[in-house]
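Hey, can you work out the whole structure from these sequences and the hints?
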Amino acid sequence: MEANTSASHCGACCTKIEDLGVTIGSATILDHVNLHLHCGELIALIGPNGAGKTTLLRAMLGELPHTGELRFVPVRKDARGKKPRIGYVPQKLDMDSLAPISVRDLFAGATSRWPTWLGCSAGVSKEAQRMLAIVGGNSLIDKKLGALSCGELQRVLLALALTPVPEILLLDEPVSGVDQAGIELFYQMVSQFRKDFDLAILLISHDLPAVASFADRMIFLNRTILADGTPREVFGHPVVRQTFGYDFSATAALRKTVIPLHHGGAEKK
Amino acid sequence: MNGWHAFLGQLPFDWAQYAFMLNALLAVILVSPLFALLGCMVINNQMAFFSEAIGHAALTGIAIGVLAGLGNPLWSMIAVAILLAFAITLFRRYSAASADTIIGLVMSFAVALGVVLLSRGGGFAKYSRYLIGDILTITPNEIAGAAAMLAGVALLWMFFFNRFFLTFLNRPLAKSRGINVWFMEALFAAAVALVVTVSIPWIGLLVINSLLILPAAAARNLARNTAQYHASAVAISLVSGILGLIGSFYWNTASGATIVLFAMAFFAASLVLRRR
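Top to bottom, those sequences are chains A and B. Residue 249 in the numbering used here sits at position 248 of the first sequence, and the numbers go up by one each step. Residue 587 in the numbering used here sits at position 162 of the second sequence, and the numbers go up by one each step.
Simulated from the structure, these hints should not be mistaken for laboratory data. C-beta atoms are modelled at their ideal positions from N, C-alpha and C, and glycine is treated no differently. Keep in mind that a hint or two might mislead.
[Stated by the list, open to error] Derived CB-CB ranges, DEER-like: (1) A:Lys84 <-> B:Ser520: 25 to 35 angstroms; (2) A:Asp197 <-> B:Ala576: 39 to 49 angstroms; (3) B:Gln471 <-> A:Ile25: 53 to 63 angstroms; (4) A:Trp115 <-> B:Ser533: 12 to 22 angstroms; (5) B:Ala690 <-> A:Asp32: 51 to 61 angstroms; (6) A:Ala148 <-> B:Ala576: 54 to 64 angstroms; (7) A:Asp32 <-> B:Arg545: 52 to 62 angstroms; (8) A:Arg131 <-> B:Phe584: 23 to 33 angstroms.
Here's what the structure looks like:
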């Protein structure tokens, strides 16, 4: 996989984040963030804990009040001025593992208006089944969310984020709690969707070596964007090296080779 | 109402010969599913303590109503409950302190303030009916109120259930699907506050929260999906409501608390069934 080429990008549609800032109470979480996302591009968002990575995604979703602008420039003229559809894969769900919510309920609740306490329609179930098949989750539809493994839940949430297919896909640390083989598989899947669906993908990751082999572009965020470029360029940046206490630029070249590295150890807390 | 009395009056039971029991039975049949529906969401959202606090805040609401010279303090109770519900919802979002701590503080404060105001001159005893509740004295007007609340919540749950569900499951995820998350949170808080507060004179504020959460807690031990969860909670709530009411007639006990004991029995049974 040639991850650093931009040949696959259509480049015509573009999401522009201009001078975005988020202040919560008296704390400035994000400041002067400028970022352009192109469709067909997979961008890894990295940075130390508390850098504002999750905050950036929440601001993009409009869930947090922010300054600055988020503009979408679509390819087709008739789509101009329309809000882009954003798919979002959360880090976790706010529920306990006993909650009687099935995967089918999750899909029906998120994609249809018919209240799930009165049952789920056959149409919604069929669509859910089709999307689950794409992420290799054919057997999961009747399982309770609490009974899924971390990897299964991530894949279900990914399938949900793609129903219907969005223009932008935001993933918040999508592989936390998943084993190395699962991480590789997940990134391969996400990487393939970028091409199949021509998505702009922004992905928060702590698993730097793994994401480096799949990302087209990497952004190092710490309150504002401090480095932006190919994974190799970003890893070579002095601030990045200093933050993670490790020079990834050597390993980033090792495509398809997973370097086992616990993210907690790589980060300065 | 007349048809209801004529119909059930035929039954060969002692309790069916009393108009107040038939009124109470109708009220139980209306209130039980209402509480089950609300309770399912309260439990899934881990808000059991929230609804408990809202119930206890009724004391302050009653006190304010009495001080303001209202004949029936219901309106001040509702106002206080909804205000507190909004306040807690905001605090949960914006404060760094844990939700438990905030809700515990608010609840203790509301109870203390209510008791202080109501006990001035040693007159608290006349308000103790709010603690225990009395569904046997429910009036036809109040029954109509219960029916209206059931209809209102059923409509809310028809049109907004999925949006409530997604908002509480993951706020940014809900937002990514265009849901107005603030509105949904406020609407849910107001619905819980309204239903709990209006029902307090019937059930009693000491046990009202149990009635809200027990059927749902029992149902979630048995259910594997959302539809089963709601259906079993409504069934458990109805059966324990009816059994509790009739039981309280023969044992001469407070109806609200008796209903709760039946619901508790269902919960215990559901635990055993889950183990198997």
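Results of checking the hints against the structure:
1. A:Lys84 <-> B:Ser520: 25 to 35 angstroms: Roughly 31 angstroms apart at Cβ, these two residues keep to the hinted range, so it holds.
2. A:Asp197 <-> B:Ala576: 39 to 49 angstroms: Hint holds: Cβ distance 47 angstroms, inside 39 to 49 angstroms.
3. B:Gln471 <-> A:Ile25: 53 to 63 angstroms: violated (23 angstroms)
4. A:Trp115 <-> B:Ser533: 12 to 22 angstroms: violated (42 angstroms)
5. B:Ala690 <-> A:Asp32: 51 to 61 angstroms: holds (58 angstroms)
6. A:Ala148 <-> B:Ala576: 54 to 64 angstroms: Violated - the Cβ-Cβ distance for A:Ala148 and B:Ala576, about 36 angstroms, lies outside 54 to 64 angstroms.
7. A:Asp32 <-> B:Arg545: 52 to 62 angstroms: This hint holds: roughly 54 angstroms between Cβ atoms.
8. A:Arg131 <-> B:Phe584: 23 to 33 angstroms: holds (27 angstroms)
Consistency with the previously given hints fails for numbers 3, 4 and 6, ordered from lowest to highest.
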